[in-house]
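Asks: Here our numbering = 1-based position in the sequence shown + 109.
Treat each hint with caution, since some may be false.
As the list claims (entries may be wrong) - Now the in silico label distances, taken between C-beta atoms and shown as ranges:
no.	residue 1	residue 2	range
1	Glu166	Ala142	16 to 22 Å
2	Leu182	Gly126	37 to 43 Å
3	Ala187	Arg279	27 to 33 Å
If you're looking for bench data, these hints aren't it; they were derived computationally from the structure.
Positions of the beta carbon are idealized from the N, C-alpha and C atoms, including for glycine.
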Amino acid sequence: QIYLISDEPYRRILYDGLKPVSVFRHYHNSVVASSHSKDLALPGERIGYAVLNPACEEHDDLMAGLIHCNRVLGFVNAPALMQRVVASLQDVTVSIPEYERKRNLLYGELAGMGYDVVKPGGAFYMFPKSPVDDDVAFVRELQSHLVLAVPGRGFGSPGHFRISYCVDERTLNGALEGLRKVALSHGLRG
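Given only the sequences and the hints, what does the whole structure look like? Please build it.
Replies: Set out below in structure tokens:
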């Protein structure tokens, strides 16, 4: 028996008219796990859910097992009030148009500076290629220019760095200035 678990915390943060695909339509033994920390901008709240495909073999046994694990292990981090509030927010998300605008700005600026970057179709961060092989050293250099980024190797992408655009406009523009200075120092267009 093989079960497919689809981890979907960014499911509702999509751009360019993209629509999420339901794993349930494609594989009957599937589970969707998600979190509201991304789509409601609630980092640290650890409030999410797991959904079993109704067509899943042994559905009732798996559901009973999930409930049992939740009760025994006690991994309910959200206060009761937050659990009740989030139930009424199922049709609410962060401002997708605002995130999309910031994505377009960051992508256009990075590409214009000469960074090798792919325009993401969702989420709120990018993984540009570092102009040097050592992504940790490159991120340290960015930090010296007041740019907060994370080495890509921590996400399985060595030689890249992760940078988020779910920040206010002023912070994003300040980061772009630092990214431009570092790009110039490595022979990119800046």
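Asks: Hint by hint, note whether the structure agrees.
Replies: Each hint, compared with the structure:
1. Glu166 to Ala142: 16 to 22 Å: With Cβ atoms ~19 Å apart, the hint holds.
2. Leu182 to Gly126: 37 to 43 Å: holds (40 Å)
3. Ala187 to Arg279: 27 to 33 Å: holds (31 Å)
Hint check: no violations occur; every hint is consistent with the structure.
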